[in-house]
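Dock the two chains into a complex; use the hints.
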Amino acid sequence: MDYLLDLTKLRGGLRAEVEELSGENIADCYQCGNCTAGCPTTYKMEHGPNVVLRLLQIGAGDELLRLNTPWLCASCETCATRCPKGVSVAAVMDALRQIARLRKIKPPKTDYVTFTKRFLGTVKQHSRLFELQLGMGYNLTSGHFFSDMTKMPGLVFKGKLKLLPGRGTKKGREAIKGIFERVEKLDQEQSKGGK
Amino acid sequence: MKIAYYPGCSNHGTSREFEKSAFLVLEDLGVELEEVPDWICCGASPGHHSSKLLSTSLGAYNLKQAEPLGLPVMTTCAACYHRLSHANHEVAKGGEYAAKVNEAIDDTYDGKVKIEHLLELFHDDIGLKKIEEQVRKPLKGLKVACYYGCLLTRPPEYAAVDETENPVKMEALMLALGAEPVEWSHRTECCGASFPFSGKDIVHELSGSVLVAAQKAGADCVAVACPMCHANLDMRQKGSGKAHDTKIKLPIIYITELMGLAFGHKPKELGLNLHSTSTKSVTTQVG
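Protein chains in written order, with the working numbering: chain Z, 1 to 195; chain D, 1 to 287.
Honestly, I wouldn't trust all of these hints.
[As the list claims (entries may be wrong)] In the EDC-like style, the derived pairs of lysine to aspartate or glutamate whose C-alpha atoms are separated by at most 16 angstroms in a straight line are:
1) Z:171 - D:269
2) Z:158 - D:28
3) Z:171 - D:38
4) Z:177 - D:107
5) D:130 - D:28
6) Z:185 - D:103
7) D:114 - D:34
8) Z:177 - D:106
9) Z:177 - D:38
10) D:100 - Z:181
No lab work stands behind these hints: they were computed from the structure. Keep in mind the model is a prediction, meaning the values are calculated, not measured.
Here chain D stands alone, though its shape is the one from the complex (with noise of 0.2 angstroms):
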């Protein structure tokens, strides 16, 4: 199976053990990738708080770079994602907007490129049965506590990775590796990743939220599938624990980390050294 990829800035920076690990596991699936020439950033939340047509028309170059190589397109970030499906659903419509969106990019794109989230592509494409054959060491016992975030299903009408209120395809995958996912409360909550900077406040309340829900839980580590989800809940437990008058320790491991795990790599291999909150409870367990 071949597949277009876009990278989105994250994954060169901050979450490079997502792009380390999905590698791993993508080459031992038989996927093969080619990188979608000369991308640029999608413009992520700031993009669209500045303005819609720039939005738009970032998520539109980047889309027609791909349309040459005739695959389908994947990304790993979920709000890369958002912003190219996005533009996909603006571009379709056609009309007055679509055609601003053309002059902008100086070029013609009609929407038609395909954009799929890294967790549709090994649920849906490669599917579970194939993902269960590569396990080596089932992840025995892990309670995982799986957390969406917001843009991977919101708004249905064009994020629609999984149902919108109740998606369970992370679910699934943790299922088909051998681990344990725990029944939760905040799966889809919001941990405000676009205040990095200007409202740690309520990074502190938003992800604290999460940390604690998934601790009441019983969860042994978080899954994510998104930089921003992971760099929020990472990074930012002490402040998050501070927040909410408690200490939260748990390790956050991106879905490819915990495949690697189970098909048999090290985890210094997947980039699990790399975190801010240790993983060690986890690969100590598992390995």
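Pulled out of the complex, with its shape left as it was, chain Z reads as follows (with noise of 0.2 angstroms):
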């Protein structure tokens, strides 16, 4: 992938957006390389988060969003905490991937995205996880239709995979579907006046 370095986007674009919902200066990175130092899934990332950092910097935008590397952040907070300049690349990764929801762009591997939809999608319905669900519902829209398949008969045996959702109170259900709805409103709001 080609960088073209375009000073009109230097202050505006992804960048702004990425410092409005992270909450971080992303000038303040002088690329020590602390992060990615420390960071555990380096191994599999296109560019190391120094590099994202230093990609926002010059300007980069939507096709920061088409890699895998912002879904690889295991959000271990390893470089929030070592940043000399208090950066939390973590916080970075996470506004990459929420604006990438909210632009409808998904990364090479989509099984990062397809298990944060299904793991929200129980919650959704049930306000707690329901395990089941989000094993079957993983494998049947992932196309990985046999991955664990092994382990589950185990784990149900022991009474640790639930066959019924444990499907908490009236009142936390009810509370949960308002705050999905009103969450979904105020974020596209949010990244409609953004752009």
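The structure is reproduced here in structure tokens:
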């Protein structure tokens, strides 16, 4: 992929949105590389965390959202803890994932998005996680039909994988539906305002 | 002592032995729990991967439900602890974002309900002296690798169960039980818990490194205080071993199970029979 230094984008575009969502100042990064040195998943990323920051500094746009990199952040917060300038790269990676969702852009490996979607789907429906539905739903929609199937009977037998959802209370179920709806509305408004 | 309890989803499913053993040892220590009414999922990592506002709001809603109890909220899960602490951190700042969170939860929450992890409750509130007094069968000679993982101590701004790079509270707890904590390298490394289905190769790589390091340090078992860490380290040993060209067989035990054993409870009462990797080597050694 080619990155062109686009002077018109240096303070606008994706960078401004990331800064607003994450609360981090992208210009603070002075490229020491501490984040990348401590990152457990760099080995899988197209660009290490410090490079992501650099690309944002020089005006990268949606091409950054089309990488697996943001989705490979494990949210372990090591970078945020060790950054000498106090930049939470984990928060920046979160913001990139969040913006990608609002723009309906998916990474090359879609499994990461499928998992997030399935997880939140069961949570929204039952107010608490229903692990069996998550596992089955993920396998069916990701195409990894038999993933972990051999582990399931043992877990069911031990009472660790419940066959029915633990549905929480009626108040909780109503509350979570309301929260999901209002958050979606507010997120969409912010995304339109930010463009 | 009375404290509000936020179970989190895992404690009613994949980590039910954590809850089971925590209830037993907390009863021994005279701690009364009151479950947060109408609690809902904290959103965990999919929550903040999807929307920051969603994640903060789920945390704020749960803490708001705990507010009328007038008690600090304790959770056993590092991920729940992290999300609820994050919500407090964001809402307490006030301003436009806090107002948005209140709009999303259709309520007003000020970020003032205290949230703590079970390890803090044991170490800071109950105290090691009181825990020592309960020990009937010291875990003599048991070499324990204490594993903190990520979310108990990072980032230190709001996840501060212990010192961020060199936490010691779990080791102190193990010493109080008569066990021998080993010195090892991977105490705060990541196990890859945000990729339970979507990146199993990452889990095998990261969890494998943790397990190999614990084995090299001569540990008889790994002590954990998080259901996500436990699921990865306990359930994925075969794959982790393959990824690292070695065989891994290491019992992964919740801190509360080790406390329960030292307090004289039977392994079955503590749920030690519910693990994927057999815990027999530990229960026969200390039983």
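Taking the hints in turn, this is what the structure says about them:
1. Between residue 171 of chain Z and residue 269 of chain D the alpha-carbon distance is near 33 angstroms, which puts this suggested pair outside the 16 angstroms criterion.
2. For the proposed pair residue 158 of chain Z and residue 28 of chain D, the alpha carbon gap of about 25 angstroms is over 16 angstroms, so the pair is violated.
3. Of the pairs offered as hints, the one joining residue 171 of chain Z and residue 38 of chain D holds, with about 6 angstroms between alpha carbons and a cut-off of 16 angstroms not exceeded.
4. Pair hint residue 177 of chain Z plus residue 107 of chain D holds up; C-alpha atoms about 15 angstroms apart against a cutoff of 16 angstroms.
5. Of the pairs offered as hints, the one joining residue 130 of chain D and residue 28 of chain D holds, with about 10 angstroms between alpha carbons and a cut-off of 16 angstroms not exceeded.
6. Among the hinted pairs, residue 185 of chain Z with residue 103 of chain D is consistent with the structure: their alpha-carbon atoms are about 11 angstroms apart, no more than 16 angstroms.
7. Restraint check for residue 114 of chain D and residue 34 of chain D: satisfied, since their Cα atoms lie roughly 15 angstroms apart, inside the 16 angstroms limit.
8. A C-alpha spacing of about 12 angstroms is found between residue 177 of chain Z and residue 106 of chain D, which places the hinted pair at or below 16 angstroms, so the restraint holds.
9. For the suggested pair residue 177 of chain Z and residue 38 of chain D, the alpha carbons sit about 13 angstroms apart, so the restraint of at most 16 angstroms is met.
10. At roughly 13 angstroms between alpha-carbon atoms, residue 100 of chain D and residue 181 of chain Z fall within 16 angstroms of each other, so this suggested pair holds.
In summary, the structure is inconsistent with hints 1, 2 from the numbered list given earlier, while agreeing with the others.
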